[in-house]
Amino acid sequence: MRRRVPVLAAVLLLPMTWLTISAERSAERPGPQTPPSQTPPPAQQPAQQPSEFELVISGEPGSPPRIAVPDFIAGAGGDRDMARTIGQVLWDDLAFEREFYMIPRDTYASIPAARSITDVPLDRWRELGADAVVIGSVRQAGAGVTVQVRVFNARTGQSAFGKEYSGSAGNPRLFAHTIADELHQQQRGLRGVARTRLAFSSDRDGQRLAGAFANRQLKEIYIADYDGANQRRITVTKALNLFPVWSADGRAIAFTSYRRGAPDVFISNIYQGTLENPARGTERVHNWLAAWSPDGRRLAFTSNRDGNAELYVMNRDGSGLRRLTNHPAIDTTPTWSPGGTELAFTSDRTGSPQIYVVSADGGAARRISIDSYADRPTWSPAPFNEIAYAARTGRGYDIKIYDVAGGERRQITFSEGSNESPAFAPNGRHLAFMSTRSGRSQIYTIARDGRDLRQVTRTGNNFTPDWSK
Amino acid sequence: MSASGSILRPAALVVLMALAVGACAKKQPPIARPTPPPPAETTTPAERPAPPPQPVDTPPIVPSEPTLAVEDLDSRSLDELNRESPFQPVLFAFDSYEVDAAGQTVLNQNAELMRKYPTWVLTIEGHCDERGTAEYNLALGERRALAARNYLVTLGIPAERLRTVSYGKEFPFDPAQNEEAYAKNRRAHFVITSK
Numbered sequence: 412m413r414r415r416v417p418v419l420a421a422v423l424l425l426p427m428t429w430l431t432i433s434a435e436r437s438a439e440r441p442g443p444q445t446p447p448s449q450t451p452p453p454a455q456q457p458a459q460q461p462s463e464f465e466l467v468i469s470g471e472p473g474s475p476p477r478i479a480v481p482d483f484i485a486g487a488g489g490d491r492d493m494a495r496t497i498g499q500v501l502w503d504d505l506a507f508e509r510e511f512y513m514i515p516r517d518t519y520a521s522i523p524a525a526r527s528i529t530d531v532p533l534d535r536w537r538e539l540g541a542d543a544v545v546i547g548s549v550r551q552a553g554a555g556v557t558v559q560v561r562v563f564n565a566r567t568g569q570s571a572f573g574k575e576y577s578g579s580a581g582n583p584r585l586f587a588h589t590i591a592d593e594l595h596q597q598q599r600g601l602r603g604v605a606r607t608r609l610a611f612s613s614d615r616d617g618q619r620l621a622g623a624f625a626n627r628q629l630k631e632i633y634i635a636d637y638d639g640a641n642q643r644r645i646t647v648t649k650a651l652n653l654f655p656v657w658s659a660d661g662r663a664i665a666f667t668s669y670r671r672g673a674p675d676v677f678i679s680n681i682y683q684g685t686l687e688n689p690a691r692g693t694e695r696v697h698n699w700l701a702a703w704s705p706d707g708r709r710l711a712f713t714s715n716r717d718g719n720a721e722l723y724v725m726n727r728d729g730s731g732l733r734r735l736t737n738h739p740a741i742d743t744t745p746t747w748s749p750g751g752t753e754l755a756f757t758s759d760r761t762g763s764p765q766i767y768v769v770s771a772d773g774g775a776a777r778r779i780s781i782d783s784y785a786d787r788p789t790w791s792p793a794p795f796n797e798i799a800y801a802a803r804t805g806r807g808y809d810i811k812i813y814d815v816a817g818g819e820r821r822q823i824t825f826s827e828g829s830n831e832s833p834a835f836a837p838n839g840r841h842l843a844f845m846s847t848r849s850g851r852s853q854i855y856t857i858a859r860d861g862r863d864l865r866q867v868t869r870t871g872n873n874f875t876p877d878w879s880k
Numbered sequence: 287m288s289a290s291g292s293i294l295r296p297a298a299l300v301v302l303m304a305l306a307v308g309a310c311a312k313k314q315p316p317i318a319r320p321t322p323p324p325p326a327e328t329t330t331p332a333e334r335p336a337p338p339p340q341p342v343d344t345p346p347i348v349p350s351e352p353t354l355a356v357e358d359l360d361s362r363s364l365d366e367l368n369r370e371s372p373f374q375p376v377l378f379a380f381d382s383y384e385v386d387a388a389g390q391t392v393l394n395q396n397a398e399l400m401r402k403y404p405t406w407v408l409t410i411e412g413h414c415d416e417r418g419t420a421e422y423n424l425a426l427g428e429r430r431a432l433a434a435r436n437y438l439v440t441l442g443i444p445a446e447r448l449r450t451v452s453y454g455k456e457f458p459f460d461p462a463q464n465e466e467a468y469a470k471n472r473r474a475h476f477v478i479t480s481k
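If you read the sequences in order, they're chains H and L. Just remember that this note's numbering sits 411 ahead of the position in the first sequence, which is counted from 1. Just remember that this note's numbering sits 286 ahead of the position in the second sequence, which is counted from 1.
The set of hints was computed from the structure by calculation and includes no laboratory data. The structure presented is a predicted model; accordingly, all values stated were derived computationally and were not measured. A few of these clues could be false.
[Said to hold, decoys possible] Footprint (simulated), chain H over chain L, 3 or more residues, beta carbon under 8 Å: (1) 423-435; (2) 447-456.
[What the hints assert, rightly or not] Among the chain H residues that face chain L by a calculated CB cut under 7 Å, a handful are: (3) T757; (4) P764; (5) A775; (6) D786.
For every residue, glycine included, the Cβ atom is placed at its ideal position computed from N, Cα and C.
Isolated chain L (complex conformation) (with noise of 0.2 Å):
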């Protein structure tokens, strides 16, 4: 992660921090000791509930501080905002990573909204259709990933507030077998890491 990129958002990074350290296992690399602790106030995508019986130490979820509300959406918990989606998905070809003319229009309006929130971090999923292969839809998504975080950049966003992550077709968002699904399923999705 970019030294830059800490510095600018110490909260985002302190949450990704404390649920890495309840992740993970006795034996951990120094990478994730983390720095200690403001409150986390946000949910992300690794979180999960502690579920008994497994003894799994999960990250606490700790309810958003009341803010003061400069603007509508910002008011809203991460997971209302996620649950929605402000951000609009870019789609894609079946094995392609090439962001079209409709996917740029897309693009543009993600970073007004971008502009709009400025402190928002986003992670941006790579997703698949499930016709590829498992282990080559990994390296796909990603570049799907990245197609949309260069393009952002290049608009002007700066690079530290956008994270990738690529699922392949491990997540489909239309999980039926025909042509509409798939399509739905090959796209860049948005998600607001913190805000």
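Just chain H, with the same shape it has in the complex (with noise of 0.2 Å):
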């Protein structure tokens, strides 16, 4: 046999273009009826004091600010599709977060289009309710793209949010997603997720095992923007790909995978093409269910290496490995805390699957759900103090949310299909989770309240989502 050199670069190198848009303090060329505006520190929350109203839009009292996003102007070598294509994505992404009501854009017909960025009819989005509208222009040059985006106080004609982006033409709803964080940070205090992602396990592409199981379906891990455009695979493995999860910053990704046979987990750096293997997985030590400890630095993960799946805790580069559950029973499916302190884990010790919570220290472990079964703990970010997860409820599974402080459990699915395996979005304020409610498994997206379903995938089976921090 020939030596094999493995010529295979584990994931497709992803293209950095879309990454290194970076975001410029505008140039504030302010017109006549535009003073020069001036953005407030970034965690100041929603202001509600008269000495901040030219910058913070309010709305009617008690009512949230009334906004409309109509399409961008496409200026000089501006492509029309992209204006309009982020004037929707800001809505939507403006919407998500329900910190505005946003005017539907079906009801934007009557009024005249902005000439300019600063030629804009605000007594006719006045007229039509909007306490704000948001007007950018859209200016491109060879591969180079210039958005330049107002927010316009439409009573007092002032503007509340004035940049300046470049980048690169590749992907316009990144510049979408920029100005929908920005703006969400500076009027209301919020880390909003529209520059997040997903990862979750596919069978879209219909790869089967060879010779005598020709009939077994192969995943492969995916990614995609919050709001499921730009999917994409990052896996090439022809293997067994399960359960990814984000790294703290968003480079890498922890998943479980069989492309040696036996699952082990295995680390892809997803702009570099490199993997690691950091559990070091043998043909009879197995490791799978990877979780990040929130800074990074740490993996917690299931093995069987002492005879019985148990927990363990390891650097990400392998070194320093810990055990941290010692029971004859099943413990497996790690969640940290937002805090690295504890983790919540699923065990059978009681007879049924059940979520628990333990120190990162070790010691003896507090049972949390009261299900006939229960799965895949998920912990929220601070500031919330939540663990979500899938209990059984009749023939499938719900999301359930406990309030680790209050003790407290609520439900946010209700059997439609069965949902399984919630994610938190990194502000806490969504999850992301796997659902059949449309006959086969896809992934969707819920706020914390159960309002605001989305469906985020539509292609093959999909499976066990992660959100980016």
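Put the two chains together into one complex; each comes in its own frame, and the hints tell you how they fit.
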């Protein structure tokens, strides 16, 4: 047999261009009716004080601000489709966090389009009930795009937000996502998730094993924008690949792969195309279901290395391995508390799978679920202190959320299909999960109060989502 | 993997390592640097065809060397054998990894067959029905495979001849959603890894 030199780049090298867009402080060329705006400190809370009315858009008392986002203006060399896409995506991004009342775009038809970023018929927008209107323009030169955006107070005509962005034409949605995140930060002191992404496993490629097991369907790891756009595969292993989880910096994904026959934990550095194998599985030592610590330096995972599924913690490079649980029953599916001091996990030590919490130093575990079957705990980020999990409710599962401090449990899905594998968004306001409600297994997002269900995937079957940090 | 297993079954080890090398990425931990070569003579469940257009470096499938047919079964390829599987599966109750009386009978028969073909190395796959969660089922399948393996070891089958792997609910034998299918899918399934 000739010696095989591995030529496989384990993951597709992802184009970097769509990450390099930089947001520049607007040149702030104020027109006559647009006094220079200032940017408030990032952490500023939504202000109700009159002294800040110039910057923070407010609605009628007791109502969220009403905002309109028409198509952006296609300026010199600007692409009309791109201008429309940015407007639509920005509207969707702003609607996602429910901080504003977003005036539906199909009601804008009667209002003449702005001819330039400083020539906006604000009186007409005011007639539509808008407290603010977001006006942007797109200029293109070669592969470079410059996007300008202003948020006008429809009553005063003042500019509450003004910036200019330049970047590549490759992914116009990223302009909208960046604007949405900055607007949420500036107007509401909120960390938006418009630039976050999801990872999940998918059988959409229809790959199967060969030989005697040709009926066995394989899965690869995919990533997508939080809204389901830009779905792309990041593994090319032709193996079973499961349970992807994002690293804290969003540059790596740990996952469970059978690429060597038995399940093992791999870390894919998705922008370098390199792969790490920190848990060092063998034919006998199997490792699966990795979970990054919040600081990104450690991984918890399940392993059979001592003869029975237990939880272990290791540093990212595999050093410092330490056993966390020690029980003859199954201990699996770890998730870290936001401070990294505790972990929740699944154990069948009382006869059925239930959720437990244990100190990151080990010791006694306390049970938090009271269901007939519960699995895939996922701890929310701060400031929330909640653990979501899948609980059996009749034939399938539903997503429940346990309030760690208060001890209350609530349910956010209600037996439409089976609902499993919840994962929190980095701001704790949303979850991604798998549901069979459409007939196949698909990824959905939902607000933490159970509203705003959105379907993210539609191709093949898709499983076990994780939300980038 | 145990040292004695490696010594007893060098050919099998080489096959696995060849697969591992083929499937590995550039950045490779020391463990997967294999010792070289005798010919890979078998396929295993981990083996896949080299499918364009992805630049996947899959190991070659080398046909079996013709061997002297001391026994009928031994003369057949692993694919043929595993397609029909001379070993019966052990079936389990829902959310259980207990080998019941019927399972013990099956394992006694499987042990007989293993004694008849003393060079065969088996992989015991743990499988679950689709009603459990994907995450927990991986551990449950592991338990099922280990339960079958441990029983065979008590019958005197060397542990080195028995590998385990859990597929959870990833590879159902019957995709239907009824009790009959679920019962088929809760199993320890026997695959001949090398002869």
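Quick check: which numbered hints come out false for this structure?
-> 5
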